[in-house]
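As a plain string of letters, each chain reads:
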Amino acid sequence: MKALTANRLTDGDVVFWTAGQWVERFADAQLWADDDPAAVEAEAAGKNQPKIVVDAYLIDLIESEGLWAPISYRERIRALGPTNHLHHGKQAEGGAMIEALQHAHGAARSTGRVNLIKRK
Amino acid sequence: MYQYDTIDKAMLADRSSEFRGQVARRLAGDLTEDQFKPLRLMNGLYLQLHAYMLRVAIPYGSLNPTQLRKLAEIGRIYDKGYGHFTTRTNLQFHWIKLADTPDILDHLASVDMHAIQTSGNCIRNTTTDPYAGATAEEVDDPRVWAEAIRQWSTFHPEFSFLPRKFKIAITAAPKDRTAARVHDIGLVLKRARDGALGFEVIVGGGMGRTPYVGPTIKEFLPVNRLLSYLEAVLRVYNRHGRRDNIYKARIKILVAALGKDEFASQVEAEWAKIGEIADLPDTELARIRGAFAAANFEVLPAQSEAFEAAKASTPAFARFVRNNVKPHKKSGYGIVEISLKGIGDTPGDATSEQMEVVADLAEQYGLSDIRVTHEQNLVLPHVKLDDLPTVWAGLRDAGIGTPNINLISDIIACPGLDYCALANARAIPIAQHIAEKFRDQDRAEKIGELKIKISGCINACGHHHVGHIGILGVDKKGEEFYQLTLGGSGAEDASVGSMLGPALPYEKVADAVDTLVEVYLRERQGDERFLDTFRRTGVTPFKEAVYADAH
Numbered sequence: 001m002k003a004l005t006a007n008r009l010t011d012g013d014v015v016f017w018t019a020g021q022w023v024e025r026f027a028d029a030q031l032w033a034d035d036d037p038a039a040v041e042a043e044a045a046g047k048n049q050p051k052i053v054v055d056a057y058l059i060d061l062i063e064s065e066g067l068w069a070p071i072s073y074r075e076r077i078r079a080l081g082p083t084n085h086l087h088h089g090k091q092a093e094g095g096a097m098i099e100a101l102q103h104a105h106g107a108a109r110s111t112g113r114v115n116l117i118k119r120k
Numbered sequence: 001m002y003q004y005d006t007i008d009k010a011m012l013a014d015r016s017s018e019f020r021g022q023v024a025r026r027l028a029g030d031l032t033e034d035q036f037k038p039l040r041l042m043n044g045l046y047l048q049l050h051a052y053m054l055r056v057a058i059p060y061g062s063l064n065p066t067q068l069r070k071l072a073e074i075g076r077i078y079d080k081g082y083g084h085f086t087t088r089t090n091l092q093f094h095w096i097k098l099a100d101t102p103d104i105l106d107h108l109a110s111v112d113m114h115a116i117q118t119s120g121n122c123i124r125n126t127t128t129d130p131y132a133g134a135t136a137e138e139v140d141d142p143r144v145w146a147e148a149i150r151q152w153s154t155f156h157p158e159f160s161f162l163p164r165k166f167k168i169a170i171t172a173a174p175k176d177r178t179a180a181r182v183h184d185i186g187l188v189l190k191r192a193r194d195g196a197l198g199f200e201v202i203v204g205g206g207m208g209r210t211p212y213v214g215p216t217i218k219e220f221l222p223v224n225r226l227l228s229y230l231e232a233v234l235r236v237y238n239r240h241g242r243r244d245n246i247y248k249a250r251i252k253i254l255v256a257a258l259g260k261d262e263f264a265s266q267v268e269a270e271w272a273k274i275g276e277i278a279d280l281p282d283t284e285l286a287r288i289r290g291a292f293a294a295a296n297f298e299v300l301p302a303q304s305e306a307f308e309a310a311k312a313s314t315p316a317f318a319r320f321v322r323n324n325v326k327p328h329k330k331s332g333y334g335i336v337e338i339s340l341k342g343i344g345d346t347p348g349d350a351t352s353e354q355m356e357v358v359a360d361l362a363e364q365y366g367l368s369d370i371r372v373t374h375e376q377n378l379v380l381p382h383v384k385l386d387d388l389p390t391v392w393a394g395l396r397d398a399g400i401g402t403p404n405i406n407l408i409s410d411i412i413a414c415p416g417l418d419y420c421a422l423a424n425a426r427a428i429p430i431a432q433h434i435a436e437k438f439r440d441q442d443r444a445e446k447i448g449e450l451k452i453k454i455s456g457c458i459n460a461c462g463h464h465h466v467g468h469i470g471i472l473g474v475d476k477k478g479e480e481f482y483q484l485t486l487g488g489s490g491a492e493d494a495s496v497g498s499m500l501g502p503a504l505p506y507e508k509v510a511d512a513v514d515t516l517v518e519v520y521l522r523e524r525q526g527d528e529r530f531l532d533t534f535r536r537t538g539v540t541p542f543k544e545a546v547y548a549d550a551h
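Residue numbers (the working numbering), protein chains in the order written: chain A, 1 to 120; chain B, 1 to 551.
This is chain B alone, in the form it adopts within the complex (with noise of 0.2 Å):
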């Protein structure tokens, strides 16, 4: 894991000590609202409905066991004991007192962390594959540019102040669990024939009001060339994005108007002009490399007996080692996803007690990596075979062994309207719902991989339009309903969803997600998911059950 440094230490306390003295004039009326809004939300702090929110950075994804403890210890003593992960594998505190915020901030910075970079117009945090240093599928360790991202875009002057927020995501991996393809920037590192490490660079894919799956740039940018052809693209978005109608400010709106090719070539102009002297250099990039080195891993066998043993005698063991434990780059090791998608439960929750556990087992179990996936899930991405079955018992006496990764009730569900203030309608109860009527997990593994994902308004920060199954919440004269879309995809076969039919109202949802599996179990084919048989069929079955349902 990368450590911070002197003058990191020292940036994170200054901005701590700042942020308290701003706080300090708020609330003695030295500034107003209107002046102080900018800079609490540059430190991830927002009004929400019941109390303020905080958001706390956590860079791709990863956290070490002494820093989750620390959120938990946040959690007990400044909200209501748990915490709510993020699709930018972030963690938000929703019952946060402002006058307690400097001091939340002090207590984040002891352990390197901070809420930089989590609101407002700048770059925020730049996520990555969760299994990054453990999967065989990935050319690189995408964790080293994520960090050199992080390192370049924090603080940087010329791109605090974009048209609008922007996000970059880097998978190294062709399993895209990233959303490379719907983000301002998505980053698909390759390895060429002569074995050169290049980018592919998508830029303009996003969700939100106006969805786009972005369109590919540059198909091979050498590794090193990183950082001055990002900065090409920021600069061009910086310079000609819509500044003057907050809903086209996204770089994908300037992207689609100007065309991909177009845009493409102002970007190599620019790029041009910035020269080599905006990269990365190799000194600085070893030394970050050298933070990622490889784990001690030991030489294991592939085969572990206490493993086998387990599976073959415990069925629940063998059910989430089936779903929820993936294989390792290195024999005689696992990747565990930790799901915070109990049934019943809200997605992305966990307590405190549930944090020191992860904490705990990946201390002992777990080489002290644990990592935050975008559909709001834990991993602990190096678990020995032979310690799965202990790690597993530890997990579920925390209640964070549910079996459910990637099936239908691995849900992802913003705050919704029970928490935020932009939101038009609930996600919570609404995935709570289709949980609940999925709690079979026989059933639930027979259905096999549905990714729902459900937002409470356009913004989409649930995602939706790229859900198998999307929805999402809307306000028809103050009550809440529900649009749903299907066929939508966030991973390496990309797409937007399309509308199902008329919005559904809140109690009608849950039953019209079962009968869109219904259908789905009729129609498939072979070993199709839910999506390919959408894709196959299209949307008239589905659309004709639910509506003769509806009706």
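In isolation and in its complexed conformation, chain A is listed as follows (with noise of 0.2 Å):
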């Protein structure tokens, strides 16, 4: 599965994509099935908003106790937050979901942020 994500241009803060809007929650974030072209589309309409987000990239992901979670530990601190500062960030909230993030294990960096990183 896939997820779109990004940073918002006028505070930084991590976001998602779901159903052509951006949103702060991992949990509410759309998921795509890894051949869904939808998925790129996504990432092509993400890409052409440049006054609303910064870097817009998919990230893979893996099940983790019932639920999805970034395969990249990278992408698991950004939806979560700092591991020194657990009431900083999104994991302040708490929940399933957070909880699935903190336990998830994954060895794979994104696909998307290697294209993103050759790009550059």
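These are calculated hints, taken from the structure and not from any lab test. Ideal Cβ positions, reconstructed from N, Cα and C, are used throughout, including at glycine. Hints are supplied without guarantee of correctness; some may be wrong.
Stretch by stretch, here's where chain B covers chain A in the computed footprint (C-beta under 8 Å, at least three residues) [claimed, not checked]:
| # | region |
| --- | --- |
| 1 | 12–22 |
| 2 | 43–54 |
| 3 | 60–73 |
| 4 | 82–94 |
Mind docking these for me? Both chains are given alone in their own frames, and the hints should help you get the complex.
The following block contains the structure:
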């Protein structure tokens, strides 16, 4: 599965794409199957919103505790917040999705970000 | 302390106003991100993992209480009530909103502060000895020269678009507290037999993916020729530095490629062309020097009854004095190091409340002088021994009285993957785990000086190459692993650490450090520091112990 993420221009906050909108919680993110062309279309649409977000890219997901979590450690930290201040960032809100992200294990970079790095 | 004049103040106001316009144009869509990014970076504004990060310049790590209180206020209003002191003696706010940044720059300008030279391929904040003006070891006050370099380098049109960033450090004491030998330029102030002052000029040191201890290209540069010589070095670098490859763009690569003798001869030729016209006029030097005139020290006896009584009656105070208080050039005074390495805390972080406590103590007991160290601590350089028990109590009550300066838990750590967009692995939790493991202060003192430095990527912001124990976070197929190096030093005996062996997983690092320490305690002879023992024994006993455990 995949999700689309970016940082919001005005405050740098991590945001996720859902049905044409950017939302703050990973729990609200729209998910696509790996081979769903809609993911790439959404990425193109996200990249076309330079007044709203910076650096939109797709991230890969894995299953964790029955929910979907970003496969890369970096993306889980973005979706949660820093591990040295557990009351900072999105993790402060708590809940099942946050716990699933905190317990997830994965060992790969997201392909979307690798592409982003290559492009730069 | 150097006071900004009306020109300096007008310049900061203009800069802030200019950035306000640039932010407005970006938000309106009149500037693309590619156009805006270099502009925001010139004002120290990065986009990190969770938010924007604003890096505020603290020229040569020197602050007055008003400025520190302003940083505390900004932390409270615009961040989450804290700030993070860096190895460049700057301060970073990690939770900044783009739209707030122009207001923050206005706040900073109101106390003669800014974010200039904290990013981009320019001459960055020049760092110096945090004990400047307080230690008897120095041959001159290095802040005078750091301030001269600040004025010369700020907005210098020729050196604002160098091949890569450029860092200068100055020490005026033989004991190097600035890591001068691993800077693009390290300057060591010396006094010749005839009394003349000069700089040993070291060029081409550095860390990152290609670490070098810099070679000396000039043994004795008369101090009054400093700026013309720096101009010659920068000009040779600007002309020949690699702009085609970011990984080979630092001056260290050029110096290594040309060889120090050829590089030095090119600098000499350029220097001869420049001549004395580029040097600081004596009148201007005298004006700057006047800003650093000796503080109004009282004439005090070397012994303080209050100080001795507190040491005798309060073991915790005595421990603080042993580790955090250093000799002052004036009798009856001490230099107080404030550790921002509380056990289990984030290295270099200070809350707004802690900053205010330090500002108050500096104002009341420290001649209103505060310094930031490149090891991410603070210093009150001038405290009367009579006042030390009170200052210690104030620090302790604010949670910043940890007596661990230069001990194993006094760890440099970059923000790492918890914050930084470039990082491959976390650095902060590794530091926290190690500090917890050595929480026992008696054991920490028994181990003695041991400098651990942790970076979350090869850019080496955490100075891991020059750690007695260096720890580098790497990404192995998306998982955090840590490469250990031993035997590095950023001090006057500078060296680049050598690799211990294969990288270790996250959960094994603190145990491995424990094992290294046990080997050291077993092998130690006499008063050897960890570094001395390692240099005598070599890596073998350490390697055997760590990898015996790992398997």
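Comparing the hints with the structure gives:
no., hint, in the structure
1, 12–22, "holds (count 3)"
2, 43–54, "holds (count 3)"
3, 60–73, "holds (count 3)"
4, 82–94, "holds (count 6)"
Taken one by one, the earlier hints all hold for this structure without exception.
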